[in-house]
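As you go down the protein sequences, you meet chains A and B in turn.
Quick note on this note's numbering: the first sequence kicks off at 1 and runs consecutively.
Quick note on this note's numbering: the second sequence kicks off at 1 and runs consecutively.
You may find that some hints are simply not true.
As the list claims (entries may be wrong) - DSSO-like mimics (lysine-lysine), calculated; alpha carbons at most 30 Å apart, straight line: (1) 26(A) x 85(B); (2) 47(B) x 28(B); (3) 82(B) x 36(A); (4) 48(B) x 82(B); (5) 198(A) x 97(A); (6) 75(B) x 169(A); (7) 75(B) x 122(A); (8) 122(A) x 57(A); (9) 44(A) x 91(A); (10) 75(B) x 217(A); (11) 117(A) x 109(B); (12) 208(A) x 70(B); (13) 48(B) x 207(A); (14) 78(A) x 44(A); (15) 108(B) x 26(A); (16) 36(A) x 117(A); (17) 208(A) x 109(B); (18) 26(A) x 109(B).
Note that these hints are calculated values from the structure, not bench results.
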Amino acid sequence: MKKKINLIFILFFLIYCSCESISQYKLMIEIPTPTKIDLSSYNKIIFTSFKIESEIKEINFNKEIFNFFSSEIEREFKGKILFKEIDWSQKNIIENKEYWKTLLNNSKTKKLFFTGKLNFKKELRKALLEEQAPATPFPERKLISRLFFTLNLDLYLIDSNTGEIIYEKDFKESRGYKNINQKPNYAFFDILEEVKNKLFREIISHKKREERFLIIK
Amino acid sequence: MRKFFPVIFLLIALANYAIGDRIHDYLKFGIMVAQKDLWDEAIFQWKKVLKINPNNAAAHNNLAVAYEKKGLFEKAKEEYEKALKLAPNDYRIKSNYESFLAIYKQLKKLKNEEEN
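Given the sequences, and given the hints that come with them, work out the whole structure.
Set out below in structure tokens:
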């Protein structure tokens, strides 16, 4: 009899052990970092021509801006990215909601317009700077020339359904070069890279790996 | 009548067990699909738990994690707060919520910058 009771106890113990006892799972998940706007809520991104306030022969600004940003954005954005030429001779088109709502009235998909004004200048600056002289241990003060490029980019992101500006930022970036023959298109890309870093931090979401508990009981 | 009491008691106990078992299954299946990155299905499973028992802290916690994963931070906050209200001493929910708050503060900061 005692043996039977022991056997039943052992059997119960084994059944108990075989029952699941896990009450939680630790999971590494990728959480999107918050951004000022949600690009994924749009089906298309339309780059319009920018209002160019100072032309430089070597650079086709609209083409370069579209190529540069569209190739970067398409890594994160699943929809289409297109270009549309617009007429900047009309007054105050940035604030004109009706203009943006009717600009591409042939489709009902949600679109985001990238538009704005651009001014890119080059300037030769001279300054008295200390420079190590070749044959002496002491630095010499010399009049040195530097070529500076400055980009003023007023960027506006406009929702096609409401015509409202959902993001705006004025970027003012400068870069100086010792080489006074530096080509403007190289400088333009260097500066665009800086703009991109600042802009994408605010509009493109990145993934952050974090640990979370998922609970059963 | 008295002799039916044990039967009624047994039936209630069995029904309770069956409901508990269903909740456990939904929670577990939700986790299983979440591990396979099928978060919409996981949300569906955990919502089923809340239909049976709206006060299930585990389901609220898991839903909050799913919403975080999908970038729906306001919904995630709501669910974490419900879970914490139901199980204020659960260290796992507390840990999840604290990590979430760091991200949520970043979101608030961005929104404030935008308004200013």
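For this session: Enumerate the violated hints, using their earlier numbering and listing them in ascending order.
Result: Of the numbered hints, just 7 does not hold.
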